[in-house]
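Asks: Same order as they appear, the protein sequences are chains A and B. Quick note: the first sequence uses the working numbering, first residue 1, plus one each step. Quick note: the second sequence uses the working numbering, first residue 1001, plus one each step.
A portion of the hints provided could be inaccurate.
To be verified - Taking lysine-lysine and the DSS-like style, the derived pairs with C-alpha atoms no more than 30 Å apart in a straight line are:
hint	chain 1	residue 1	chain 2	residue 2
1	A	K380	B	K1424
2	A	K465	B	K1424
3	A	K406	B	K1424
4	B	K1114	A	K245
5	B	K1688	A	K150
6	A	K245	B	K1062
7	A	K177	B	K1005
8	B	K1062	A	K50
9	B	K1623	A	K147
10	A	K147	B	K1688
11	B	K1424	A	K150
12	A	K245	B	K1671
13	A	K248	B	K1062
What the hints assert, rightly or not - Pairwise CB distance ranges (calculated):
hint	chain 1	residue 1	chain 2	residue 2	range
14	A	H246	B	S1406	45 to 55 Å
15	A	I496	B	D1216	56 to 66 Å
16	B	E1041	A	E226	36 to 46 Å
17	A	M145	B	P1124	54 to 64 Å
18	A	I496	B	R1285	29 to 39 Å
19	B	K1381	A	H246	58 to 68 Å
20	A	H246	B	S1053	21 to 31 Å
21	A	L186	B	D1216	52 to 62 Å
Simulated from the structure, these hints should not be mistaken for lab results. As the structure is a prediction and not an experimental result, all values here were calculated from the model. For each residue, glycine too, the CB sits at the ideal point set by N, CA and C.
Here is what each chain is made of, one letter per residue.
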Amino acid sequence: MDTVLRRGERDKERIVMARNYIQFLLNGETITEAHLDPTMTVLQYLRERKMKTGTKEGCAEGDCGACTVLLNALDGSKIKSRSVNACILFMGTMDGKEIRTVESLGTPEEPHEIQQLVAEKHGSQCGFCTPGIVMSLAALQIDSMPKSRKTIDEALAGNLCRCTGYGPIIDAAMAMKPKQVNQNSLAKLASLQHNETVKLSVNVYGEQKRFYDPKTLGELTRILTERPDATLLAGGTDVGLWVTKHHKTLNTIIYLGNVEALSAIEENNNNLHIGAGVKYADAINNLGQLYPQMGDVIRRIGAAQVRNLGTIGGNIANGSPIGDMPPLLIAAGAKLVLRSANDERIIPLEDFFIEYGKQDLHKGEFVKSTIIPKPTPSQKYFAYKISKRFESDISAVCMAMSLSLKDGICSNVRIAYGGMAATPKRAANAEKALEGQNWTEENIRRAVVALPSDFTPIDDLRASKSYRMQVAQNLLLKAWLEDQNNAPIHVLEADI
Amino acid sequence: MSVHKSIQHDSALKQACGTARYLDDIPEPKALLHMYIAMSEHAHGKINSMDLSAVQTAHGVKCVLAAKDILGHNDISPFGGDDPLFAQSVVEYVGQPVFAVVASTRELATRAAKLANIDYAPLPLITTIEQARDADLTIENAKTITKGDASAAIKSADHTTEGSFVMGGQDHFYLEGMIAMALPLEDGDVHVYSSTQNPTEIQHLVAHVLGKTQKDVTVEVRRMGGGFGGKETQPAIMAAACALGATKTGQAVKCRLDRDDDMKMTGKRHDFIYGYKCGFDITGRILGLDVKLESRCGRSKDLSGPINDRAMFHADNSYDLPSAKIMSHRYKTHTVSNTAFRGFGGPQGMIGIEKIIEDIAHQLGKDPLDMRLLNAYGDDKTNITPYGQTVKDAVVKDILEELAQSSDYRARRAAIRTYNKTSKVLKKGISITPVKFGISFTKTFLNQAGALVHVYADGSVHLNHGGTEMGQGLFTKVAQVVAEEFKIPLGQIKISATRTDKVPNTSATAASSGSDLNGMAALNAARKIKLRLITHAAIKLNCTETEISFVNGKIKGGDKSISFADLARSAYEARIQLSATGFYKTPKIRYNPVSLMGSPFYYYAYGAAVSEVIIDTLSGENKTVRVDILHDCGKSLNPVIDKGQIEGSFIQGMGWLTCEELVYDEAGHLKTHAPSTYKIPTIGDRPKIMNITIWEKGCNREETIYRSKAVGEPPFMLANSVYCALADAVCASSDYTSRTNLNAPCTPEEILRAVMSL
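Looking at chain A on its own, in the form it has when it is part of the complex (with noise of 0.2 Å):
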């Protein structure tokens, strides 16, 4: 099928067991593509080759949820669904998983319980936000939690709806009865499983695109050694923008999804190793546990569909000063795993970051993983997050703070900010001012007026310099009095 590759390629690529074709479940039904734009999403194809316009178009940025759709993946024996945004999802990674749409459910003639929910409790009004409301209904009424306000808020954050008010929505979520994941595709899905690498290579008006699914890391070693200059994907929730907003053509790709390696989360006594590859809905339990309020910044993360594709790996890789993952990290004391064909080096997570869109990351080389200290007992942890929503927002300003208390001492202060700089970056001069200090108002203060020969930050669209500088002191003067108060103080968590 790829009459491109020279013949000398073509037999490198037989020696390592590569197909040139992708092949997954479309609403049960199996799909074979081999010409197929990778890049095209998963949004085109339903609404423009396969003519299901029940999922729609709202921003194409994963940002409204219009799109969403489940996307269900072999999880040991059993199959895992999810809902995702199919606007800025790539066909290229859709070898061997299922994608269900709203059509899959029911018609109007035989509705699905939560259609006829969504419709019966007047939840829908223009309608256009509908069908995506349904499927992220659908990812709720599977997800084995509790249904309450708060878990129907954490499933729907990212599908906006203008019409409703959403009080209809919430009333068809509370009164879905609980489900299984439905499990009819397990076979045909198993059967979709191999260990052999992907590798696409369309001519798409007039370019060449090559797309790569490689299993191992010794395969991603090689493709990587033969194709430096690949762009590296793995959840692909800003690698997706790049195509759907910025129409930039993205000649080679390697996709990180598969690879079984970087996708481990694995612990021992003092660290927690999580894999590049793994997802934000996959670690913010683990993530969550050692450090509560890192996993509540997680889950203010983007929302549910951002999480189930968007990795830890790729939000520290693609070196954003406002990525919430990296001040989390730093101030945790977090390393970084870093890994080329022939050679893995560890670094401290903040020395990652170099300037603005330069990251200490070489050619060949990949982010492999990364290494979270497990909190001592006399360690204490603040995180906090400030946007202009509290749902699905990128932070104005992220700060995280750590620091081990012994006998009202504080020592190994680390306090790292998002949004403050051209980087996300440590505060040395506010740890200066605390390290050694007894833990007092006094000294948090001292941290306070410090904090302003760290940072210079800038005005943009999410806050004004002064308004940044502002709320990062303030939030260090809020961790100490929330520490003292043993109990966040929140505008969400207070008593009505």
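Assemble the complex: chain A is given as a structure, and chain B must be docked to it using the hints.
Replies: Positioned in the frame of chain A, the structure of chain B alone reads:
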């Protein structure tokens, strides 16, 4: 009964199953072409030269359209004559359409557009109200409404309060972005599918751009994925450009805007600066109010004139003002031309007096509710608005008192004050605010509607009218009216797409007028057929016409009866016309659009809300935790649909006042042009407790459709209670010693600024 009943939205189940068709879901015609509209990167500049040759020759491109390619007139304005489809020689905002590319795919059209080589000479830039004020750049002259001598009243008053605050604009964020598709027909005619609230205007403007007449253009819309006013004038860009493309290529052309482009290219709610001076007596009774409204209209007139007029008409809200001077400045800026948005200037005009009332209460150490009751229209007042209309049903006091009772407002206010004494970082606030909103288009001629009803020989009914469905449930309500008239089940009625060739010369579905106007027009049409059926039934059933009654799908007369279907068949065979058009125009409205004096509104819709909020005085984060609403829908046609309007409107209003922030940079670029940067309320923002009640005593004293009241816009302004409650919480951070001028939206940054300013 089909009316006054909670009936599910007619499309709800289809929408939940993904089978309800929006424009982009319609099976595409053969050889469909796709359009990308290229936008100006400059806020103000002269086009020195435009070289589109590389665009023209790019892969997949069929044709390129610019100002010179327009067959008729290069204007798509509603009436100002100042909105070119494609920039002529000057660009006046970032995002202004400059040219369009028609190609085989949307992606190829988008990519090709980037190959344009346009040389702009930058011109001086005015992007803010302050800059426009300094430069005296306006879209039209300032207007003033005067009642009595406000400045003398303020001068001699015991107390005064004055200040100014800013309220930001708002993007509609309809979930379905702008879209149109045009099919070329014979004779050079076009059929245009457009996601529009205003098919007739699209028809007119497409004809205008093509150099044709309205008979040559048909516009159709089955439903929109949200409108909110954003699809009143703005869809003309896409519709006219597609029609032009279809005419030039002879192929169907579709244009679906990317969300970012939509937000950059199309208009939004006007941002305002509200300045005021108010004199009041020792009891808190307002004696005189002097208001200055300054709005950013953007680059053209669009609907800014009537929007600002409506802002002026609502400066009194629910309060009797013995004297008032309301001045309105309409500034031109080099930003997108702001347009209709739910409330149409009403929210910006109305919110100020709520702030003023809270200021008065604070100065006098009283509960703002008492100040509201003291100043509200009612039996003890003359009830003449500053523009000279008499408020005949001054029910706002009743609603306020009933809501204060049911929401336990006074006890909660006291409890909040106790909480705030001990809570250092978190502060709570509460406020109860009323709404009085005038119903009717302020352009009087727009208050008309038409409908078309067919009864087929098998008794099924086809219903069509000039109103458009954008989720508000209009089609359901109008079908209820027809079902009620014929006493047949709703399912017997086919609700059909709005088309300009079925009902001509319609007005936009806007100003909350949809069911008032179209319900009446449909009733009128149905009644014509019903009268013919009665005459026929009397013959058929051998009784007098007065004995005939329609009951439960049957027509009874004497001791006999016949089913609706059989009667229809029989009437058909008797050669009786079973099709009729209906028409309606709103009575009793008359005012002088120059002096703005008179009675612009047929009636008023009322409501009130109590909001309780909590703020964090360290971060400015804030949350609305409880809302109680009592709203007047008259005798509601469909309570559950009305409740949906109340709730959705409130949350949208809350978004305007809290998290939705439009940020422009100095060069006039909108920096918040997608949901990643522009934040509308999410599910978690919905208050944990939200009690919404339709006022049981509500009844329209005017003869509206089944005595119902319009409900689309009025509840939007119930969210003013959120703004006032936030100001109350900010005030609490000073232990109620001082107040400040809180700006909207009340983002965490704004709340923290306000707290720190005290």
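Asks: Confirm or reject each hint.
Replies: Quick rundown of the hints versus the structure:
1. A:K380 / B:K1424: This hinted pair holds, its Cα atoms lying about 23 Å apart.
2. A:K465 / B:K1424: holds, 26 Å
3. A:K406 / B:K1424: holds, 28 Å
4. B:K1114 / A:K245: Holds, at about 13 Å.
5. B:K1688 / A:K150: holds, 10 Å
6. A:K245 / B:K1062: holds, 23 Å
7. A:K177 / B:K1005: Holds, because 28 Å separates the two Cα atoms, which is no more than 30 Å.
8. B:K1062 / A:K50: holds, 26 Å
9. B:K1623 / A:K147: holds, 22 Å
10. A:K147 / B:K1688: holds, 15 Å
11. B:K1424 / A:K150: holds, 26 Å
12. A:K245 / B:K1671: With a Cα-Cα distance of about 15 Å, the restraint between K245 (chain A) and K1671 (chain B) holds, given a limit of 30 Å.
13. A:K248 / B:K1062: holds, 22 Å
14. A:H246 / B:S1406: 45 to 55 Å: holds, 53 Å
15. A:I496 / B:D1216: 56 to 66 Å: Check passed, 60 Å falls within 56 to 66 Å.
16. B:E1041 / A:E226: 36 to 46 Å: holds, 39 Å
17. A:M145 / B:P1124: 54 to 64 Å: Taking Cβ atoms as reference, M145 (chain A) and P1124 (chain B) lie about 58 Å apart, which means the hint holds.
18. A:I496 / B:R1285: 29 to 39 Å: holds, 34 Å
19. B:K1381 / A:H246: 58 to 68 Å: With a Cβ separation near 60 Å, K1381 (chain B) and H246 (chain A) satisfy 58 to 68 Å, so the hint holds.
20. A:H246 / B:S1053: 21 to 31 Å: holds, 25 Å
21. A:L186 / B:D1216: 52 to 62 Å: At 58 Å between Cβs, range holds.
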